[in-house]
Amino acid sequence: MQQDSFIIDHSSVLPLHYQVEDLLRKLIEQPEYQNGKLLPNEVDLAKKLGISRNTVRQATNKLVYERLLVRKKGVGTKVASNNITTKLNKWSSFTHEMDEKGVKFKNYSLKISWEVADAELSKVFKIDKKTKILKLERVRGVASEPIVYFISYFHPRVGLTGDEDFSKPLYEMLENEHHTTAVISREGISAILADDELSEVLKVAVGDPILFRKRVVFDPGERLIEYNLGYYRADRFTYTIDIERG
Numbered sequence: 001m002q003q004d005s006f007i008i009d010h011s012s013v014l015p016l017h018y019q020v021e022d023l024l025r026k027l028i029e030q031p032e033y034q035n036g037k038l039l040p041n042e043v044d045l046a047k048k049l050g051i052s053r054n055t056v057r058q059a060t061n062k063l064v065y066e067r068l069l070v071r072k073k074g075v076g077t078k079v080a081s082n083n084i085t086t087k088l089n090k091w092s093s094f095t096h097e098m099d100e101k102g103v104k105f106k107n108y109s110l111k112i113s114w115e116v117a118d119a120e121l122s123k124v125f126k127i128d129k130k131t132k133i134l135k136l137e138r139v140r141g142v143a144s145e146p147i148v149y150f151i152s153y154f155h156p157r158v159g160l161t162g163d164e165d166f167s168k169p170l171y172e173m174l175e176n177e178h179h180t181t182a183v184i185s186r187e188g189i190s191a192i193l194a195d196d197e198l199s200e201v202l203k204v205a206v207g208d209p210i211l212f213r214k215r216v217v218f219d220p221g222e223r224l225i226e227y228n229l230g231y232y233r234a235d236r237f238t239y240t241i242d243i244e245r246g
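Here the sequence shown is numbered in the UniProt record's numbering, starting from 1 and rising by one per residue.
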């Protein structure tokens, strides 16, 4: 998004500060701002948009409150260096999404196992209890620390053997090697506190806040492919969602 594309609709019923907030959210997703470039200053942005500085400040304050931006007096405003934002209105593989943001992730651990379906997995996949399903556990993070912990279970129909290279982008691998295309993701997000296991895996204190995301992934025929549990360090991740009024 280029600065010369900064426009707002003065005739819209949507308040101006909401429109500015949306512009800023789109701007800070760009790699150069993720890498530390200062945002346009409030005075210049207000002049460009033909609005008051207070309106720009109101929108900026919202993103500062969400810990997406950091404002330093005499320096300027930039994206919070210790916070990564992922959006719910654009679903893709985690690897591709982070690549687009210029965030370099690595696998801290990757474990593959076969697990007998318990009551929950049997219900989710609509399979018999005691059916063996492939379980994939991944701990991922930046160079300095782990940030996310993913647990994935796959429907036996997919045909995974456990010999696949799971270091590749997951959904790309499923499509290329197993002719299984992921097109729908239904998600639920809640806040939990780190227990002993999550404390050890994500290197946080017991009781620290964790974003818990439960995801079910379907193919074009709405057949279930994957049941995924994601645990995100709340001090390093923010989920946002864009909702348009129909």
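Because the hints were derived from the structure by calculation, they are not lab data. It is possible that part of the hints are untrue.
Unchecked claim - Here are the computed lysine to any residue pairs in the SDA-like style, where the Cα-Cα straight-line distance is at most 25 Å:
#, residue 1, residue 2
1, K78, Q58
2, K26, K132
3, K48, S12
4, K26, G50
5, K130, Y153
6, K26, K130
7, K132, E120
8, K104, L136
9, K37, L14
None of these values were measured; they are calculated from a predicted model.
A quick look at each hint next to the structure:
no.	hint	in the structure
1	K78 with Q58	16 Å, holds
2	K26 with K132	43 Å, violated
3	K48 with S12	18 Å, holds
4	K26 with G50	19 Å, holds
5	K130 with Y153	14 Å, holds
6	K26 with K130	46 Å, violated
7	K132 with E120	13 Å, holds
8	K104 with L136	21 Å, holds
9	K37 with L14	29 Å, violated
Consistency note: the structure conflicts with the earlier hints numbered 2, 6, 9.
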